[in-house]
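Make the full structure from the sequences, and use the hints.
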Amino acid sequence: MRKLYATYALAALAPVALFVLVQIPLVWHWHSIHTAQQQRSQIKEEVLRLQTLAADMENGFRGYVLTKQSAFLQPVVHGEAKVQGSFNHLLELTNDFPNLQARVRVLQERIHELIETKRRLTRQMDADEQED
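Numbered by the working numbering, the letters in the sequence shown go through residues 883 to 1014 in order.
Keep in mind the hints are simulated off the structure, nothing from the lab.
Backbone N, C-alpha and C define an ideal beta-carbon position, used for all residues, glycine too.
Please note that the accuracy of each hint is not assured.
[Said to hold, decoys possible] Pairwise CB distance ranges, derived in the manner of DEER restraints:
id, residue 1, residue 2, range
1, Gln933, Ala1009, 28 to 36 Å
2, Asn981, Gln933, 16 to 24 Å
3, Ala899, Gln933, 47 to 55 Å
If you want it as structure tokens, here you go:
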């Protein structure tokens, strides 16, 4: 009788164990897909953060040019301080994607050119070279 119960228990547990064994690779695959989606979302967020910083710097500089009030340079200074941290985070996020890292480096160069141009133009404005 005891052997009969053991046989039934084994017959009942075998499909459950097989089901669990089949599900493990599916869960690992789901986890890798979920991680990749999170990474893509973080990359998008960081790019949008950089876009916002660049737009704020541009708008602040435009306000400074129109009014010559240094309060409008606050977004420029604030953006300059945050840009490098955003790029470092973005480069870290794209570490597994060399083609994306190359694009991030190009974007980094362009934004640094923007910042340097705004600095130069601000110095010119401060030196009353508005006509140039």
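For each hint, the structure was consulted:
Remark: the range hint 28 to 36 Å for glutamine 933 to alanine 1009 is upheld by a beta-carbon distance near 31 Å. One distance hint, 16 to 24 Å for the beta-carbon pair asparagine 981 and glutamine 933, holds here, with the actual separation near 20 Å. A beta carbon spacing of about 52 Å between alanine 899 and glutamine 933 agrees with the range 47 to 55 Å that was offered as a hint.
Checked against the numbered hints listed earlier, the structure breaks none of them; every hint is satisfied.
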